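K.L.:
Take a look at the letters that make up each chain.
There are 2 protein chains.
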Amino acid sequence: MHFADRLLAACEDKGAPVCAGIDPVFERLPRDLRGDAAGPRDAPHAVEAIGRFVRGVLEAVRPHVPCVKLQSVCFERYHWRGVKLYDDMVREARAMGLIVIGDAKRGDIGISAAHYAAGCLADDVDAPGPDALTVNGYLGGDSLEPLIDVAAAQGKGLFALVRTSNPGGDALQGLKLDDGRSVGEAVADLVAQQGEAHVGERGYSLLGAVVGATKPADAASLRRHMPRQIFLVPGFGAQGGGADDVRACFKADGTGAIITASRSVNYAFEKAPEADWKQAIEAAALDLRQQIRGILRR
Amino acid sequence: MHFADRLLAACEDKGAPVCAGIDPVFERLPRDLRGDAAGPRDAPHAVEAIGRFVRGVLEAVRPHVPCVKLQSVCFERYHWRGVKLYDDMVREARAMGLIVIGDAKRGDIGISAAHYAAGCLADDVDAPGPDALTVNGYLGGDSLEPLIDVAAAQGKGLFALVRTSNPGGDALQGLKLDDGRSVGEAVADLVAQQGEAHVGERGYSLLGAVVGATKPADAASLRRHMPRQIFLVPGFGAQGGGADDVRACFKADGTGAIITASRSVNYAFEKAPEADWKQAIEAAALDLRQQIRGILRR
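Sequence order for the protein chains is C and Y. For any residue, its number in the working numbering is found by taking its place in the first sequence, counting from 1, and adding 2. For any residue, its number in the working numbering is found by taking its place in the second sequence, counting from 1, and adding 2.
Same shape as in the complex, but just chain C:
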C-alpha cells in the first residue's frame, strides 16, 4: 500500500493527524529508570534504561496516535549499542501497528545515497527499516532519487527538510532568490517535482516535507508550493508553535499534515508525580490529539 494512503488511513483510524516524537535523553529519564548507576557515560546501563523508557512511551501513546518519530541521534549517541536499540525499537513499534518515522536527516550523493536508502530505510534481513525517513535535500534532487526508489518499492515514505523551526533557520532558508522565491520555497519546488511521479490514491506523494510550525505565512506559502506533500510539522508545543502556525500547514479538508510533538509528550512527567510517568505521557498524547482535533474543527 502506498505510504501516503497508509498514513492518512492511520490518522483517520486514530482520530487525528498527530505523531509522538521520541527523543530519549538519559539525563531526563524518570529516576526509577536511571537508577543510581554511573550515569550517561556508562553506555550499557544508559541504553538499557532508554530501552525501558521507549517501550513505556510506545505502550502509553499507542492507543492515541497513528505515528511515532524516533530521533536517531538519541540512539546513535551510544554508538553500536544505541543503534542496536534503535533498530529494536523500530521493530517493536512497527509490530504494535504504529507508523514509524526515523528522524535521521540523512543526505548524500550517488552511491552513498543508495547506501543510506538500503541502511536507514529499507527492510533488511537484520533489521526492518522505519516506515519513513527524514532526509536533507540540500545536495539536490538526484540525492533523493535512490531513497525514493526504495520507498516506492517497499511502500515507505520520506520527509525532506524544507523549513526548520530553529532561530537560525532563516539565515539560509529565508533568503530571497532573484525570481522572488525564498530558498525554502525553492527547496519546496524541488521536493514537489521529485515527488510528482509517486502520488497515491488520496493525492499525496510518498515524498513529504518537514515544515517547522513557527511561521504561519511561510507555512501557507509552502502549502501552495507543495500541494502533494504531506507536511511533517515539528515545533508544536515545546518549540513555540501554536494553533495558527499549525492550521496553515493543512489543506481546507483537514488533510496534508502530521503534527509532531516530542518533548511535551516524552517529558510530560516532569510536571507530574514522576512515579506515574507512563500515565503522564499517555495524558499528554491524548491532549495533543485533542488539541489538533480542536484546531482542525475550527
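The hints are simulated quantities; they were obtained by calculation from the structure and are not laboratory data. Just so we're clear, the structure is a prediction, and the values are computed from it rather than from any experiment. Please note that a few of the clues may not be correct.
As the list makes no split between identical chains, a pair holds if one copy fits it or if it spans any two.
Stated by the list, open to error - Using 20 Å as the maximum straight-line C-alpha spacing, the simulated DMTMM-like pairs for lysine to aspartate or glutamate come out as follows:
(1) K16 to D246
(2) K273 to D180
(3) K273 to D34
(4) K86 to E50
(5) K273 to E29
For chain C, the structure is supplied; the task is to place chain Y on it using the hints.
P.N.:
Below, chain Y without anything else, positioned relative to chain C:
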C-alpha cells in the same frame, strides 16, 4: 593543538594535501576477502570482510597520505555491526597517526545537534570520535554551533557541505539570490562567519568546507568567500574533477585544500591483478600524492 594547524602540519609531513577516502562496499571487495559466503545479506560475514579490507587500505595508504575519510554509510549499511566496525576503524586509523575524517554529513537543530556532536565527533569512553566530521548546514548557523563547541574543546574539526560534485547539486546550490550571490556562496558566507572565532595559528578555521572539484569558476569564487576555510575536495578522479578544478581550491601558497579520492584509490585493484590488491591501493595513493604535488608545483 588546533585542528587546522594539525592538518596542515600532517600534509607537510606526508608531502601533499591529500586524503584517501574509504568507501568499502562488500560487492566490490577482492574475491579472497568476499569468499563464497551468502554475500552482502549475511551481515556478520560482510562486516568481517569489510574490516579486513579497511585494515588493508589503512596499512597501504598510511605511509603516503596524512588523512583518511571514512564514509559512514558504508558501515551504517550493516546496522549495529557496521557501526561497531566504524568506531573500531576510527580508533585504529587514529592509532596509526592518520587524521580521520568521519564522512557522515550530519545536521540537526538544537539539542539534537548537541547529541550529534557528542555521538559522532567527540571522544567518548566507548569510542574515540574521528578528528573531523562532515556536516550539513542547511538548517542554519545555530545547527553548527554545538558541533563547533565540541571541535574547539577537543582539537577537532568540521567540514560543512557547501558545493557538491553531483549533477543535481546545481538545482539548489547554483540558484541566484537577489543580492547576486549563489545559494552556495550564501552558505559559504555562513560558514565563513561561523568559523571566524576559531582560527588557528596558520590562519585557518576548525570549520572547513566541502567543495566538489567539478567547477573551477565556482571553486575560485568560494575560495574568495571563505578565506579561512580549508576545503575538503572530493570528486577528483572517479567523479570527473581534474587539475584545473583542483588548483582553484588552493590559495597561491599551496595551502587551503585537501584533495580526497575514494574509488580511484579503494578500488585501484580492479584494474590490476586482484591478488595484489594492497599493492594496487598503495600505488594509487602514491599516484594521488604525486598528481596533487604536480598540480601545486605548476
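K.L.:
Now tell me, hint by hint, if it's right for this structure.
P.N.:
Hints, verified against the model:
no.	hint	verdict
1	K16 to D246	neither (23 Å within a copy, 59 Å between copies)
2	K273 to D180	neither (49 Å within a copy, 48 Å between copies)
3	K273 to D34	within (16 Å within a copy, 60 Å between copies)
4	K86 to E50	both (11 Å within a copy, 18 Å between copies)
5	K273 to E29	within (16 Å within a copy, 53 Å between copies)
Of the numbered hints given earlier, the model fails hints 1, 2; all others are met.
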